Amino acid sequence: MAQQAVDTQLWEIAAQVTDPEIPVLSIEDLGILREVRREGGDAVVVTITPTYSGCPAMGTIQVDLERAFAAHGYTARVELVLTPAWSTDWMTESGQAKLEAYGIAPPTGKGHAGRVTLGLAVKCPRCHSLDTKELSRFGSTSCKALYQCRECLEPFDYFKVLS
Amino acid sequence: MNASNTHITEGIEDDFASFGDITASATRVTPGNALRPEDIAVAGEGPASDAVAEYALQLGDDALILAQRLSWWISRAPEIEEDVALGNIALDQLGHARSFLIYAGKRFGKTEDELAYWREEDEFRSCHLVEQPNGDFAVTIVRQLLVAVFQNLLYTELTRSSDETIAAICAKAVKEVDYHRDHAIQWTLRLGRGTEESARRMRVALADLWPYVGELFVDEQLHDDVGTAGARPSTLRAAWDEEIAAVLADAGLDVPQVPDAMARGRHGEHSEHLGYLLAEMQVLARKHPGASW
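These protein sequences, in sequence, are chains A and B. The first sequence maps to residues 1 to 163 in UniProt numbering. The second sequence maps to residues 1 to 293 in UniProt numbering.
Since the hints were made in silico from the structure, they are not lab data. The structure displayed is predicted, hence computed values, not measured ones. Think of the CB as a built atom: it goes at the ideal place given N, C-alpha and C, for glycine as much as any other residue. Each hint can be trusted.
Distance windows between CB atoms, simulated:
{"no.": "1", "chain 1": "A", "residue 1": "Leu120", "chain 2": "B", "residue 2": "Asp254", "range": "29 to 37 Å"}
{"no.": "2", "chain 1": "B", "residue 1": "Asp254", "chain 2": "A", "residue 2": "Glu93", "range": "47 to 55 Å"}
{"no.": "3", "chain 1": "B", "residue 1": "Glu81", "chain 2": "A", "residue 2": "Ser163", "range": "17 to 25 Å"}
{"no.": "4", "chain 1": "A", "residue 1": "Ala71", "chain 2": "B", "residue 2": "His273", "range": "47 to 55 Å"}
{"no.": "5", "chain 1": "B", "residue 1": "Arg193", "chain 2": "A", "residue 2": "Glu79", "range": "44 to 52 Å"}
{"no.": "6", "chain 1": "B", "residue 1": "Ile74", "chain 2": "A", "residue 2": "Glu93", "range": "29 to 37 Å"}
{"no.": "7", "chain 1": "A", "residue 1": "Pro155", "chain 2": "B", "residue 2": "Arg203", "range": "29 to 37 Å"}
Below 25 Å or equal to it, Euclidean Cα-Cα: the simulated SDA-like pairs (lysine to any residue) are:
{"no.": "8", "chain 1": "A", "residue 1": "Lys133", "chain 2": "B", "residue 2": "Glu81"}
{"no.": "9", "chain 1": "A", "residue 1": "Lys160", "chain 2": "B", "residue 2": "Glu82"}
{"no.": "10", "chain 1": "A", "residue 1": "Lys160", "chain 2": "A", "residue 2": "Ala97"}
{"no.": "11", "chain 1": "B", "residue 1": "Lys110", "chain 2": "A", "residue 2": "Glu79"}
{"no.": "12", "chain 1": "A", "residue 1": "Lys160", "chain 2": "A", "residue 2": "Glu134"}
{"no.": "13", "chain 1": "B", "residue 1": "Lys106", "chain 2": "A", "residue 2": "Thr47"}
{"no.": "14", "chain 1": "B", "residue 1": "Lys175", "chain 2": "A", "residue 2": "Thr92"}
{"no.": "15", "chain 1": "A", "residue 1": "Lys133", "chain 2": "B", "residue 2": "Lys175"}
A partial selection of chain A residues facing chain B, derived with a Cβ cut-off under 7 Å:
{"no.": "16", "residue": "Ser53"}
{"no.": "17", "residue": "Gly54"}
{"no.": "18", "residue": "Leu82"}
{"no.": "19", "residue": "Thr83"}
{"no.": "20", "residue": "Ala85"}
{"no.": "21", "residue": "Ser136"}
{"no.": "22", "residue": "Phe138"}
{"no.": "23", "residue": "Ser142"}
{"no.": "24", "residue": "Leu162"}
Take the sequences, apply the hints, and build the full model.
Okay, here's the thing in structure tokens:
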């Protein structure tokens, strides 16, 4: 196999690993997969970056990566890097679409430097109404906030913007 | 203790021996949860000097003790969203503590778990403010306001640290602390402008906690020693005062006029509260050295 094909294959193995909390999102969709490189032979080094400092999903993702590579005959070592810090801008467009289809409102707009006091409306992932309200900025995981739709009355998770 | 008990105890110790000695990190030896935060370091190396490691220890201890305090609220907050919010904030603080302690530990040859669970009270470098008891919800919110505004200013400054790892940890942490700050400000407004009783409790909380503010801004020899890797606390005071005064004015509350307490947590001299907190935090690790789950 040509060098480039192998590299693409390695990336694809890593990219099939999903977030344990949001199983429709791959770590590539989330933008936390930074690099996959070969260290010679069957050894592979995968670099990922945490979404939040205390995110417990990182441990599971690491184990899942090692398993995914083992299934293809590779031994993977996972490295965590903190810099440059992850932001929701790293999430792919297809990732955002998958989130919404799953019932979680994707982050609204891009991250920004400094304070923006104008709140952007968060669209209800079920009925698509923009008439929604924040119940709590802190949701079931660090990356989500809890919202409620005033139109269909359903509560829903919002993947909040982290700039 | 009779002979058979002794035997059982020895058996248990043998079981734990398979997990390595007490210096091993529970995180490392736990099957199925193989996150290796020990591997987090931008430069791959430990801190450049003992002073930088000591500085990281200070930052880590503040975050660790605050995380322990806040996690008490899980299941006890006034509404379920607050259980979740304070639990999330505690988790963020714990994440920051782990990064700082892992980094400090590289220099001292210790794991994050050793630093968290096997240090004595006088070896902790946390400030008195974070060890203050939770009190009622107003006390917890005021403590959050005072700490979050401080951490936000400090971490922002430290994103420019000449130490790459400290800069990286703070660049990550400051995004999260920004949410903690927002949370505290919203509650300060709500309680300050709420009922007579909520405003009264906020005033009491402010007067009780204000004496521990001074310690946050004391320059020490350590700050000279770390140089551009750190930030001189005194230089953050004016911005902190300005921001807090604005929030309190908005909430209809006054800046308290009370003198500073004798607080020397950075030198390992703590209030009586820290001992009780550590007893609870450390009991499991000390009762079952090397245990994992």
